[in-house]
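Participant: Please build the complex by placing chains B, C and D on the supplied structure of chain A, with the hints as guidance.
As a plain string of letters, each chain reads:
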Amino acid sequence: MLNKEQIAQRIAHELRNGMYVNLGIGIPTLVANYVPEGMTIVLQSENGLLGMGPFPFDGEEDPDLINAGKQTITTIPGSVFFDSAMSFGMIRAGKVDLTVLGAMEVADNGDIANWKIPGKMVKGMGGAMDLVASAKNIIVAMQHCSRDGKSKLLSSCSLPITGLACVKKVVSDLGVFDIDHRGFVLLERAPGISVETIVNATEGRLHVPDQVPEMTF
Amino acid sequence: MLNKEQIAQRIAHELRNGMYVNLGIGIPTLVANYVPEGMTIVLQSENGLLGMGPFPFDGEEDPDLINAGKQTITTIPGSVFFDSAMSFGMIRAGKVDLTVLGAMEVADNGDIANWKIPGKMVKGMGGAMDLVASAKNIIVAMQHCSRDGKSKLLSSCSLPITGLACVKKVVSDLGVFDIDHRGFVLLERAPGISVETIVNATEGRLHVPDQVPEMTF
Amino acid sequence: MNKVVQNAQEAIFDIQDGMTLMLGGFGLCGIPENLIEALVNKGLKNLTCISNNAGVDDFGIGLMLQGKQVKKMISSYVGENAEFERQLLSGELEVELIPQGTLATRCMAAGYGMPAVFTPAGVGTEVAHGKETRVFNGKTYLMEHAFDSDFALVKAWKGDTQGNLIFRATARNFNPLMAMAGKITIVEVEELLPAGELDPDQIHTPGIYVHRIFQGLNYEKRIEQRTVKPRQD
Amino acid sequence: MNKVVQNAQEAIFDIQDGMTLMLGGFGLCGIPENLIEALVNKGLKNLTCISNNAGVDDFGIGLMLQGKQVKKMISSYVGENAEFERQLLSGELEVELIPQGTLATRCMAAGYGMPAVFTPAGVGTEVAHGKETRVFNGKTYLMEHAFDSDFALVKAWKGDTQGNLIFRATARNFNPLMAMAGKITIVEVEELLPAGELDPDQIHTPGIYVHRIFQGLNYEKRIEQRTVKPRQD
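Chains as they are written, first to last, in the numbering used here: chain A, 1 to 217; chain B, 1001 to 1217; chain C, 2001 to 2233; chain D, 3001 to 3233.
These are calculated hints, taken from the structure and not from any lab test.
Idealized CB from N, CA, C, for every residue including glycine.
Check the hints yourself; a few may be wrong.
Said to hold, decoys possible - Derived Cβ-Cβ restraints for the label pairs, each shown as a range: (1) Ser3090(D) / His181(A): 50 to 56 Å; (2) Gly94(A) / Val2228(C): 32 to 38 Å; (3) Val1035(B) / Met2019(C): 31 to 37 Å; (4) Asp1148(B) / Met2019(C): 53 to 59 Å; (5) Gly1053(B) / Ile2184(C): 24 to 30 Å.
Chain A with its partners taken away, still in its complex shape (with noise of 0.2 Å):
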């Protein structure tokens, strides 16, 4: 089974020189630490911010420069300022290319959920109902099970969702899987993982191709 630091690892596979991302809270935020040498994306933070640095260094905190989890942060060459309704503009409009995101469940249709706990306290959505409604390619970042055992990729979302049919692709402890009209796609097997494991798994529908090559980092 993959750690938070793996599964962040494998997701920087995905990104792509030149790309606009935006990374939620959790392993999300992991994912800046495995960018590729040499490659340039440029992370977007939705309360205001294209450019987000590394964190500043001990003592230097501004405390007007945060990102969204309310970390302090710096900026590098080329970051820009903007407003809250910018900042929804742009991610409303597509130009953020990738959005990578926690869940606490994901259908097989691309539903998600992954912002309230009914009978729990409701923190908000914040602005995850916004990034999953526009954004062009999300990557959810998630265990594949509860402590429990059970699946959260599943045929519904029990809990109540976040956004309709908006997941492109999952990277679980267990493996990546695409989502399209067969369900999840099985594409990658995290190490020592078997497909009978990750079919067990899997509460919705799942497609298991012939060959499913375990991921390499």
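Facilitator: Chains B, C and D in isolation, oriented as in the chain A frame:
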């Protein structure tokens, strides 16, 4: 009868300290020359400027700095530039306190026609339709009659209209008129002009109060 | 044209119980600290607050929640605040959660005189309940209405006596949008300058949108998530 | 991420006959002079041009009219151009006149992913023919759709290699709106700088909206209405 300068001078009486004002091309532009001493008004030019200053000195023209009439102008302390969407956004949101426009015809319900004469060349409405549809307070500066003596204060416009029921006040060469449910309400006569002259020159409904003072400057 | 007031207390003199307020900021970044303090001191009640977040327990809008001044929050994310959670679960506080881009765009719509806008955010979710939907080019959108608020409370970096504003870094966020959207817009700035001191090409909010402005005091600018990397040396 | 091209000719290599182009500028102020020249030299035909104005007889879009390159103009005001009038009256040229604020807002809508917006401009006039109307709070609005254009041709003052743009004075006008609205956006700048040379707080158009950028040459910046006051001395 008032000349153009006097029409502008009379309209300047409507200015109040701190107003944001949009002045149309022609007579309205002249109003800026009669802002009372000690009063501050801020001129909005819909091509993207708040705080329009006077014409530049000869030799100091800046081709990047023009007003909506495409004339070279200057800025003043406190001026701001913005794009055309924000410019019409502030107009549409009612932030401009007073709009002064020319007109070919005004109807006694406040309809205005000032953009097109069918069969002749059509130059376009520019920002006029936006202004008349949104301005809180519209004053029209106009000639009372055409050159062949026909009234331009009508029961209904004969030319293609620019906006519906929007004009609040008319200053013509013959007098000053409010527009309300009674039609044109004669407030002031131009010096030496009789009520009878105004009645005869006005095709639309005209309400004449018992007392109609002659205007003063 | 006298927009300058002395301080936050004077600026909010006519805000009353039960009104609807917009408050700028994202998390604790770019919040109107002086104005919030004045609202707390004045003890206003039954306020409806439109703000992306609700502060933390002991700072920002959290201070107003401590004083039970807020009847309803309209926000996109409220997860940093235990007192908030308590009041919500006890039914003392109403909350309307809306997508962050919808929040921003409804502010912009108000400032641009657009009564409604279309966004795909929330289609098919509980956010869509009771809202009109419409299909354009095969994609479904929700119709969302411009916000209608009594006051907008905004924090800018620099401002001038005509109300022109410049924001700094990501402290911009919702501030310029709310500045445009308030029926009355009150702005606190770190530095208040005479008109003419700001470059006309670089003003984010034209003064036509601003009704009152003052220079704020004692900015704390608390950081919510201090993330740093170690120095190499 | 290589957005920099050498010149206008290279920048327009894939613009073809019959396409829809947006061109920035208000009158002759802030027009993309180099790109217009390249369009003229390339001799493209049957273009639909969305631009507030149509230039004058011998400058700006007027040059494209001289070459009979334009099939249709979508503008708010076209009164400065005799050749334009001739082609319009002879039926060679189609013209759609729309209110200036509607033109601006339809550009912004495209850049912000909003399929349609509401404006009161044109209600009850011939502009409203065939358009959906809707009443909000007792006031009638037209529903206007976002523009759909193949290319936006934009003139900025300064730009950087990532496509970030700053405009100057009223040469800003429609330029940043069209920059956001083009499927492909091409920008000519007076000064092209390395990324990092522009202040991130003061950029009008973020580079994410810009696909190609180059430093223009030989700006004429013709003045349409030279109005001056005499010197006192």
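Participant: Does each hint hold? Answer for all of them.
Facilitator: Tested hints:
At roughly 53 Å, the beta carbons of serine 3090(D) and histidine 181(A) sit within the given window of 50 to 56 Å. Take glycine 94(A) and valine 2228(C): their Cβ atoms lie about 34 Å apart, and the range 32 to 38 Å holds. Distance hint for valine 1035(B) and methionine 2019(C): a CB-CB separation of about 36 Å, consistent with the stated range 31 to 37 Å. As the Cβ distance of aspartate 1148(B) to methionine 2019(C) is approximately 57 Å, the hint placing it in 53 to 59 Å holds.
Evaluation of the 24 to 30 Å hint for glycine 1053(B) and isoleucine 2184(C) yields a pass: the beta carbon distance comes to about 28 Å.
The structure agrees with every numbered hint stated previously.
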